Each structure stands twice: as structure tokens, then as C-alpha cells.
Amino acid sequence: MLGRRLALDPNVALRPEPFGALAYHYGTRRLVFLKHPDVVRVVQALGDHDSVAATLTACAIAEARWPSFVAALSALADSGVLHEPALIS
Amino acid sequence: MSPRSLVEQLKGGLDAPICLTWELTYACNLACVHCLSSSGRRDRRELTTAEAIAVLDELRALQVFYVNLGGGEPMLRRDFFELVTYAVHNGIGVKFSTNGTYLDATAARRLATMDYLDVQISLDGVDGPTNDHVRGVGSYTAARRAMDHLADAGFGPFKISVVVTRHNVDQLDEFKALADGYGAQLRVTRLRPSGRGADSWAELHPTNDQQRQIYHWLLGHGDGVLTGDSFFHLNALGEPLPGLNMCGAGRVVCLIDPIGDVYACPFVIHDEFKAGSVRDPGGFTHIWRDSDLFRDLRQPQSAGACASCGSYDACQGGCMAAKFFTGLALDGPDPECVDGHGETLLAAAGATAGATPRPAMDHSRPGAQPVALTRR
Amino acid sequence: MDDVATEPTVEPTTADAADELIEDELLVEEISIDGMCGVY
Chain C
1 MLGRRLALDP NVALRPEPFG ALAYHYGTRR LVFLKHPDVV RVVQALGDHD SVAATLTACA
61 IAEARWPSFV AALSALADSG VLHEPALIS
Chain Y
1001 MSPRSLVEQL KGGLDAPICL TWELTYACNL ACVHCLSSSG RRDRRELTTA EAIAVLDELR
1061 ALQVFYVNLG GGEPMLRRDF FELVTYAVHN GIGVKFSTNG TYLDATAARR LATMDYLDVQ
1121 ISLDGVDGPT NDHVRGVGSY TAARRAMDHL ADAGFGPFKI SVVVTRHNVD QLDEFKALAD
1181 GYGAQLRVTR LRPSGRGADS WAELHPTNDQ QRQIYHWLLG HGDGVLTGDS FFHLNALGEP
1241 LPGLNMCGAG RVVCLIDPIG DVYACPFVIH DEFKAGSVRD PGGFTHIWRD SDLFRDLRQP
1301 QSAGACASCG SYDACQGGCM AAKFFTGLAL DGPDPECVDG HGETLLAAAG ATAGATPRPA
1361 MDHSRPGAQP VALTRR
Chain Z
2001 MDDVATEPTV EPTTADAADE LIEDELLVEE ISIDGMCGVY
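Residue numbers (our numbering), protein chains in the order written: chain C, 1 to 89; chain Y, 1001 to 1376; chain Z, 2001 to 2040.
FYI, nobody ran anything at the bench for these hints, they're computed from the structure. All values reported here derive from a predicted model rather than from experimental measurement. Misleading hints may appear alongside valid ones.
Said to hold, decoys possible - Okay, the calculated beta carbon distance ranges per label pair: (1) C:Leu14 <-> Y:Arg1289: 50 to 60 Å; (2) C:Glu63 <-> Y:Ala1151: 47 to 57 Å; (3) Y:Gly1181 <-> C:Pro67: 42 to 52 Å; (4) C:Arg5 <-> Y:Gly1156: 25 to 35 Å; (5) Y:Gly1154 <-> Z:Ser2032: 52 to 62 Å; (6) Y:Asp1127 <-> C:Pro16: 21 to 31 Å; (7) Y:Thr1344 <-> C:Met1: 14 to 24 Å; (8) Y:Thr1085 <-> C:Leu14: 38 to 48 Å; (9) C:Pro18 <-> Y:Ser1302: 16 to 26 Å; (10) C:Glu63 <-> Y:Gly1181: 51 to 61 Å; (11) Y:Thr1141 <-> C:Asp48: 52 to 62 Å; (12) C:Gly3 <-> Y:Gly1310: 43 to 53 Å; (13) C:Asp78 <-> Y:Glu1174: 33 to 43 Å; (14) Y:Ala1303 <-> C:Leu14: 56 to 66 Å.
Unchecked claim - According to the in silico footprint, chain Z covers these stretches of chain Y (three or more CB under 8 Å from chain Z): (15) 1017-1024; (16) 1228-1239.
Claimed, not checked - A few chain C positions that, by computed beta-carbon distances, are all more than 12 Å from chain Z: (17) Asp38; (18) Ala54; (19) Ser74; (20) Ala86.
Virtual Cβ for every residue (Gly too), placed ideally from N, Cα, C.
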């Protein structure tokens, strides 16, 4: 997971809220609640980095918290909120 | 920052609705006995196309994810397709609810080309007599025809939406089979004593035994069956049903009615639950964020008379629309409280009760005879 | 049994307490899209 390159799926609208964000997938009609602003920052930054690990580092997420972030990003990838973007050479 | 539970966050309200119901018109070709909006005749104060587009622009700015369009019969708006197209082109998903009369082959093919759009066909019986008893002669045929048109057009999965009544509770398995046959999704929702439902409530609402039947059916067979989270009052019976199990009215959802009035939800079209009008300065956004009603609803609600009941955590005191239109206190039991507390209060109030609140408006067509409420 | 002396007791700061909570919980939660009462 840490080595994967991920980004927000273009079919997803990410709407910040005071508590974090709501992510709605227009294709699947699924709605996901992102429960902490740090998760939102990481999700928004994923597209700018080559790997999940690089993103977590860039977002200054303490390594002790990485397991819970990896679990969250895996869940988001499974539900289609995140996808693997096509490589642009 | 310690994360509050999802439900706590949502009860406190959001800066924008997740979705909302928008009744496009009070006009309807049917005269269902339980119509929550007492529809029939078009109201000449209806929002113009320009006003409707302005509302959609606000919803886009708020990032409302989708709108549930209904009415009356939404396809009776001449600008129906124009509004639907505008919505989906502006990032607002559309789900619309229809009786199917106007969903002919052409309309079905047109809908099949559109993205971000879901269709829900209303049906209250698996056969003509059961359905038409509530929705009127010919309505079953019209609904089935619409479903066939959608299937023929390759629309993909649509929804069949059923209001559960005393007369169709035994048909749940057959409804599921009907939906499965079309590759459609079944939705079963709770009848509320709203609109014309106030007058047909006594005859139509499920008995307490039937409520148990519904609850157990949903637990046992309800995989993939949607409920609109409308049966959370039944959670007092045991393991909670899937869903948020909370009232979203004024917190995460609301209603915009055909003349632009904003209510907490489509089941409380009454001044008591009116938050404002989109025609007022500040439009919908101001109402959602700053109206007195919605601010009140987003405060922690009092359990009131239910505070000492062990079931309150599960049932949340039920539905405010059900309480309001049966004359019960909002901070007390639901009329269909599974422990019978609502029935007790209603019986006690019986002889001395004043008139229960009446719906704000009645757009019923005078010529449309009420369907005789006797068993077929 | 008193084994408190074998472990130093550190009062967590507010931020640490929040982080401890977070690590025990899922940071994302899917909501049933149909799961809110008040729409058709």
C-alpha cells in the first residue's frame, strides 16, 4: 500500500466540512465520511506524489499514525473514492 | 480534535445538505389516498423555469450532491427535462420519483442516455387491485408500463418505491421478486400521516404485529432493499436496521416545495416546520444556514417523555411528522411506538382531543373521488 | 497489585490524546446513501 500511487477518482466530489469531509462518488452513488482533517489533506495531496508513503511524509503525518491512514486509504481505494491514475510520461 | 461520531456530527447540521427533496409541482394526474403533498392541482405560484435554474445554481455552489425530484408528478412540468439536464450538467445528481404515466418509450430512451440520474417508480401493490386501491384505477398498469419502457431502453437498474401499508405488508417477498425480475432495486418506506395521509392513516397504517413483520422481514431479507432509513422507530425491537437511524430533517436534508417554500422535510408541509422561501433575500443558502427552524432542529433534541424509556437510544423517539400530524407531542413517543406508548397517549387523548394539525395547503383535485377505503 | 511503579505515567497532551483516539478508530466511514430519513 505504501508504495502505491493513488489519486482522488475524478468521479468523486470532495466537500470539506468542519469535521473533515464528505466524499460522494457520482458513479456508484456511494458517500463516505472522512472523519479527520488530516485524512482530507492526505487525500487531496495524493495526486501530487508518487506514493502513499511520500504523501504521508509530505503531509507531516507521524509514522505512528501511518497504519490507521493506510487502513483508511485502502478503504477509500476499495470503495472507488481513490484510483490509480494513468502514468503520464 | 477528537472525532465525534458520524451521527452526532450530522445531527448538528452541515453547512450544506447532502441531498434534498424538491417537489417540482403540485400537479398530478393521480389522486393517491395517502399523498404526502396533497397533490392534484398545479399551484399558479409555482417557481418559474428561471427561478428553478437559480435554485440549481445555489445548490451547485453549495455542492449539494444530488436532488430527489418529486411532486405531485414531476414529469408534468413542461421544463422537466430542461431542469434535469441542467442539474446533471452542473454536478448535481438527480433521482426522481414518478408514477410512470408519462414515462413512455421516448422518455425512457432519453433518460437512458443521461448520466448521474436515477429513476424511482412508485408502486404500492404487486397486483392491480392492491395497488389501485390506494393509487387509483389504472395506476398499476401505468407503473408497470414505465418499468417495461425503462427495461426496453436499457436504462439499467431503476428503483421501485413502495409505501408499506396494512394491505401490502404480506406482499414484501413478491415486491422483492418483482424488483429482481427487472434487475431493479426495491425501496420500502414508511407511511406517514402527512398530506392526504392524515385522513387515510387510521385505515392504512400497519398494525403493531405488522410492524414486527416488517422489521423481521428487513432483518432477514432486506439485503439490498432500501428503506430511506424510514423505519428507525422499529429499532426498539432489537438489532438496529442498517442506516443512520436518525431524522435528517433540517440537518442533512430538507424539502423545497413547488412554490419555493422550504420545509424541514416532505412529510411536514406545515407552518410549524417551514423555514422560509427561496424567493426571500438570501435564497435557499440563507435559509439552510441561518433559519430559526433549522438552527433549532440542529440543537440537541430533548427525549422528553421518552427519557426514562430504555428504547429511546434505539428508536430516537421516532418520526416528528408522525407525531405532529397525530397530535402527539414532539418530545414524546411516536404514534407507532413499538412498545405501545404512542397508542396509549392517543387513546387517552381521544375523547378530549382537539383537531389534529392540518396540512398547510391542499392541492387535491375536487373532482377526484377518494378511493373507497374498504378491503377489496 | 501495585505495579504502577514499573511503568512511568505520562499525562498525554491534548494532541496526543486525540491521536490515540484516532489510531483506535477508522478514519473513514461509508454512509448508506439511502440511509437518511427525510427524503422520498
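Consistency of the hints with the structure:
1. For the pair Leu14 (chain C) and Arg1289 (chain Y), the beta carbons lie near 20 Å from each other, so the given range of 50 to 60 Å is not met.
2. Judged by the Cβ atoms, the range 47 to 57 Å given for Glu63 (chain C) and Ala1151 (chain Y) holds: they are separated by roughly 54 Å.
3. Between Gly1181 (chain Y) and Pro67 (chain C) the Cβ separation comes to about 46 Å, which falls inside the hinted range of 42 to 52 Å.
4. Restraint check, Arg5 (chain C) to Gly1156 (chain Y): a C-beta distance of roughly 32 Å satisfies the suggested window 25 to 35 Å.
5. Distance hint check: the CB atoms of Gly1154 (chain Y) and Ser2032 (chain Z) are about 27 Å apart, inconsistent with the given range 52 to 62 Å.
6. Distance hint check for Asp1127 (chain Y) and Pro16 (chain C): the Cβ-Cβ separation is about 49 Å, which falls outside the suggested range of 21 to 31 Å.
7. In this structure the hint that Thr1344 (chain Y) and Met1 (chain C) lie 14 to 24 Å apart at CB is violated, the actual value being about 56 Å.
8. Checked against the given bound of 38 to 48 Å, the beta carbons of Thr1085 (chain Y) and Leu14 (chain C), roughly 25 Å apart, lie outside it.
9. The supplied range of 16 to 26 Å is met by Pro18 (chain C) and Ser1302 (chain Y), whose beta-carbon atoms lie about 24 Å from each other.
10. The hint said 51 to 61 Å for the Cβ distance between Glu63 (chain C) and Gly1181 (chain Y), and at roughly 53 Å that hint holds.
11. For the pair Thr1141 (chain Y) and Asp48 (chain C), the beta carbons lie near 57 Å from each other, so the given range of 52 to 62 Å is met.
12. At about 51 Å, the CB distance of Gly3 (chain C) to Gly1310 (chain Y) agrees with the hint of 43 to 53 Å.
13. Between Asp78 (chain C) and Glu1174 (chain Y) the C-beta distance comes to about 34 Å, which sits within the given range of 33 to 43 Å.
14. Between Ala1303 (chain Y) and Leu14 (chain C) the C-beta distance comes to about 36 Å, which lies outside the given range of 56 to 66 Å.
15. Given as covered by chain Z, the segment 1017-1024 of chain Y passes the check, having 4 residues with a CB less than 8 Å from a CB of that chain where 3 are the minimum.
16. Remark: the segment 1228-1239 of chain Y is confirmed as covered by chain Z, as 4 of its residues place a Cβ nearer than 8 Å to a Cβ of that chain, reaching the required three.
17. Remark: the non-interface label on Asp38 (chain C) conflicts with the geometry, its nearest Cβ contact in chain Z lying 8 Å away (cut-off 12 Å).
18. For Ala54 (chain C), the non-interface assignment is confirmed: its Cβ lies about 19 Å from the closest Cβ of chain Z, beyond the 12 Å cut-off.
19. Not every beta carbon of chain Z lies more than 12 Å from that of Ser74 (chain C), the smallest distance being close to 10 Å; the non-interface claim is violated.
20. The Cβ of Ala86 (chain C) sits about 24 Å from the closest Cβ of chain Z, beyond the 12 Å cut-off, so the non-interface label holds.
When the structure is compared with the earlier hints, violations turn up for hints 1, 5, 6, 7, 8, 14, 17, 19 and for no others.
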